[in-house]
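**Student:** Here is how the chains run, residue by residue.
4 protein chains.
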Amino acid sequence: MEDLGIIDVQNEKPENEIELEKVGVEGLKKFVLIKRPNNTYHIIAIINSYITLPSNLRGAHMSRFIESINDIPAEANSIEELAEIISKNVLNRHELDCYTEVSSDLPFERVRPSGEKESAVATMFARFSTKGNKKSVGVSVTGVLACPCAKEMCGGLTHNQRGVLTIEIDTSQNSIELLDVVDIGQQSFSAPTFSLLKRPEEKEIVEKIHKNPKFVEDVVRSCVQSLKEKYPGRYCRAKCVSFESIHDHNACSEWSGVL
Amino acid sequence: MEDLGIIDVQNEKPENEIELEKVGVEGLKKFVLIKRPNNTYHIIAIINSYITLPSNLRGAHMSRFIESINDIPAEANSIEELAEIISKNVLNRHELDCYTEVSSDLPFERVRPSGEKESAVATMFARFSTKGNKKSVGVSVTGVLACPCAKEMCGGLTHNQRGVLTIEIDTSQNSIELLDVVDIGQQSFSAPTFSLLKRPEEKEIVEKIHKNPKFVEDVVRSCVQSLKEKYPGRYCRAKCVSFESIHDHNACSEWSGVL
Amino acid sequence: MEDLGIIDVQNEKPENEIELEKVGVEGLKKFVLIKRPNNTYHIIAIINSYITLPSNLRGAHMSRFIESINDIPAEANSIEELAEIISKNVLNRHELDCYTEVSSDLPFERVRPSGEKESAVATMFARFSTKGNKKSVGVSVTGVLACPCAKEMCGGLTHNQRGVLTIEIDTSQNSIELLDVVDIGQQSFSAPTFSLLKRPEEKEIVEKIHKNPKFVEDVVRSCVQSLKEKYPGRYCRAKCVSFESIHDHNACSEWSGVL
Amino acid sequence: MEDLGIIDVQNEKPENEIELEKVGVEGLKKFVLIKRPNNTYHIIAIINSYITLPSNLRGAHMSRFIESINDIPAEANSIEELAEIISKNVLNRHELDCYTEVSSDLPFERVRPSGEKESAVATMFARFSTKGNKKSVGVSVTGVLACPCAKEMCGGLTHNQRGVLTIEIDTSQNSIELLDVVDIGQQSFSAPTFSLLKRPEEKEIVEKIHKNPKFVEDVVRSCVQSLKEKYPGRYCRAKCVSFESIHDHNACSEWSGVL
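Chains as they are written, first to last, in our numbering: chain F, 1 to 259; chain V, 1 to 259; chain C, 1 to 259; chain W, 1 to 259.
Hints listed in this document are in silico derivations from the structure and should not be mistaken for laboratory results.
Heads up, some of the hints might be wrong.
Pairs count within a copy or across copies, as identical chains cannot be separated in the list.
As the list claims (entries may be wrong) - Dumping the calculated EDC-like pairs for lysine to aspartate or glutamate here, alpha-carbon to alpha-carbon at most 20 angstroms:
1) LYS88 to GLU229
2) LYS230 to GLU15
3) LYS211 to GLU152
4) LYS198 to GLU116
5) LYS228 to GLU19
6) LYS29 to ASP105
7) LYS35 to GLU204
8) LYS211 to GLU26
9) LYS117 to ASP71
10) LYS228 to GLU152
11) LYS230 to ASP183
Between the sequences and the hints, there should be enough to build the whole structure, so can you do that?
**Tutor:** The structure is reproduced here in structure tokens:
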């Protein structure tokens, strides 16, 4: 192809010399292979990646983000690794600090009340910033909440509903096993949700949620308590949203801090 | 402004002379006033409008849709009327049949278990086709479903969840009062959902859903039965989606036919 | 686990004996392996599956849908095959006709203007009904549209925008290669969209869309014409939505019929 | 109704005594009247409201949020006022600090190239925290971006696309006129978007965007520069997302700081 030999518009001085905190691409989808000790699987990673643009440059070279994403290896060990490699590639190409977010579906196995295993799908995400090499990973998992207050008022009956719990943990010092976080998330609810529940299993789960009623506040606190035991000293964020069955709005609860 | 005096590209013969069923605009937002007997209120109407484009015309004049939408009166009696006026305006401008959909939030009042009223928001929509002057209107309302099967298995305890019921009714011959359909929709569930439930009210609703457990199938059938009584002979469609509390997928049920 | 020995609530006679057209599950996510001649990859399939419920049965046994989904083989050749297997499994378990939809991301390769390949992601879907064994498959792909009318008025300059083209084709008699449909979809636009465009490539694409301006109507007609040549006699549906750059609403065009 | 005379489960000591940063309700819809100097209109406000829950309380009394929302006056001057009143009502009822977000559609008028006015719809939002009485308001508006780099390479031709610009401004000390921010937002693009553009207007806009090409970086910097002149000394956040016509991902740019 021809050499365009043109002025580099991006490198011009901008009309307004203002530093921009985040300039980049959002929503780029990339098909990658994640290699795990026991299984290897493809995911569609959704990628956002940004540099901090100095006040004297008019624009970022956006194609460098895509080149940085294309240069990731065919196989990665985690989306955390992807976020780190992309950020470092971008830093190399731009000589500017980079922050990258990668999210994807996360296939996992859960054990039904019958003891049989079933495959399920959570959401996972990872963030990496070259400023201080800060890393974090997270997951979103679903579960059931049964209301403790209604149970008290209604002689054991209560309203119950599906909820979503999102957990993010700092991994700047040490990485963690995401499936452990999925597990902690599920155990923080009155009960996990399932795809297949045969009748005796449905009975078991309905009885379990009534024996173990939880507010959204309880779910987040249980979760934070379990995380404190497993990952003490790390920065963490946990939020639960409950799709209240008797209301047309949601209830929610959020914590952030050092475990 | 200058007269462009140019070739009308839209009126050219297309490369491939194929009739197109629907050509038009989608997602146009318009601020309008709806005048009701007892109250008058503004809504943001979201409008899709389409003509059938003959095989010998390359393109529709898209700005005529917007002019047709701008020509609606400052006050309308319903979104059904809006869909009709827009469709007829488009027909006049294009001399081609037109099909228009209008949707919006629908403010309404519901009575809490305490007898007090509260304001609530459903979704409404209307459709009008100039081909045969076919009209329909519809609403989406939320409610609670408690599972009858789990109740039977668990000695009265059960899982329960929020659901959404969408009802569409043909109004080509006679229009209907949408708030009546909202009411029928809400009464089809184990109980309606509410914004405010003080404790004795929450108790009442929790007890009510346990006395009146319903599958998604029951909700749709109750709804269709009520509609048959009120609007016999009309074409109708009703669908309920239940956000199952113990599962991470939804259950659903749908009916369509002549009431 | 205990035998519950309970009344089968689903098999009770319903209060309102009305046949329901579609009863089932929606939004179930399943991790599966798709085996293709040249590569094999995992996808997250999103599954909706429904039976027609006779008037004399109160409810569908929802867990049978999940069992039917769990019984799909570990490896399938396509999501079309998945939709068919699930539908037939459900028919066997319920002895009632079943309709299933499966959708997923579709990884594919496209050739950049430079001749290099890049990986990309489209969306694919498949439908199967046991009533008459009707099958169809489809894809959604993105592309660029440049406005022919503005080009004419503005001395060669024009507005241009991203669009999405969704194509569904009947495959009841013969299956098709989905990547061919992706290709036809991309070629129907003024130009395909890309992830990476280095400067000479960006120049080539910008020039190409100005040489090849297209209305949404042109995109759909080009697409239908290409499909007529490749798949004559089949039922098909094609819709293009254009995210107009100079408007805050979208333009769209749709065709359906026998190719 | 009966007095339930029961234990207050929310006031129990929680199993895990952890302070929760945000506990409350999300997605509550409320129909309200906004009174402006020149016109008065209804909106559907979507409300999120949260308290900070001390470590010694098991749960928030969620119904108090709804009561606090119901106690807003029938007419408000702005959604900023709504966020403030709700937060203060919640603080009164809970004796705990409260943070509230209110968002809604924002009807406004814009002047077409012909000089005629047309009605349009942006999005607005407001935030209020009782901790330090911190307030902010914001809007999201659409506009067109034409790429300066492609224009340089392609002899004046370029790719162009719709973008969304979101601006949030601190109003703790003084409130501002949101329509002024809408105006600044629209003027920051290569051109605003419109609903109706007759041919000479479409020509004018297409020529305008080619004379005034802008990167997402330029849009944000223009915007920040205009805001610096109008609202010096205030904290502000501005983000532009551009739905790139030739790519299937988006470009974006973000700034935050004191103007």
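**Student:** Each of the hints needs a verdict: does it hold here or not?
**Tutor:** Comparing the hints with the structure gives:
1. Taking the shortest Cα distances, LYS88 and GLU229 never come within 20 angstroms of each other, neither inside one copy (32 angstroms) nor across copies (37 angstroms).
2. Taking the closest pair of Cα atoms, LYS230 and GLU15 come within 20 angstroms of each other only across two copies (18 angstroms); inside a single copy the shortest separation is 51 angstroms, beyond that limit.
3. In this assembly of identical chains, the alpha carbons of LYS211 and GLU152 lie at most 20 angstroms apart whether taken from the same copy (12 angstroms) or from different copies (18 angstroms).
4. For the homomeric pair LYS198 and GLU116, the shortest alpha-carbon distance inside one copy (11 angstroms) is at most 20 angstroms, but the shortest distance between copies (42 angstroms) is not.
5. For the identical chains of this complex, LYS228 and GLU19 are inter-copy neighbours only, at 14 angstroms across copies versus 38 angstroms inside a copy, given an alpha-carbon limit of 20 angstroms.
6. Taking the closest pair of Cα atoms, LYS29 and ASP105 come within 20 angstroms of each other both inside a single copy (12 angstroms) and across two copies (10 angstroms).
7. In this assembly of identical chains, LYS35 and GLU204 lie within 20 angstroms of each other by CA distance neither inside one copy nor across copies; the values are 36 angstroms within and 38 angstroms between.
8. For the identical chains of this complex, LYS211 and GLU26 are neighbours neither inside a copy (44 angstroms) nor across copies (27 angstroms), given an alpha-carbon limit of 20 angstroms.
9. Taking identical chains as interchangeable, the C-alpha atoms of LYS117 and ASP71 lie at most 20 angstroms apart only when they sit on different chains, with a minimum of 13 angstroms there against 37 angstroms within one chain.
10. Neither within a single protomer nor between protomers do LYS228 and GLU152 lie at most 20 angstroms apart by alpha-carbon distance, with minima of 30 angstroms and 40 angstroms respectively.
11. Taking the shortest Cα distances, LYS230 and ASP183 sit within 20 angstroms of each other inside one copy (12 angstroms), while across copies they are farther apart (50 angstroms).
Checked against the numbered hints listed earlier, the structure breaks hints 1, 7, 8, 10; every other hint is satisfied.
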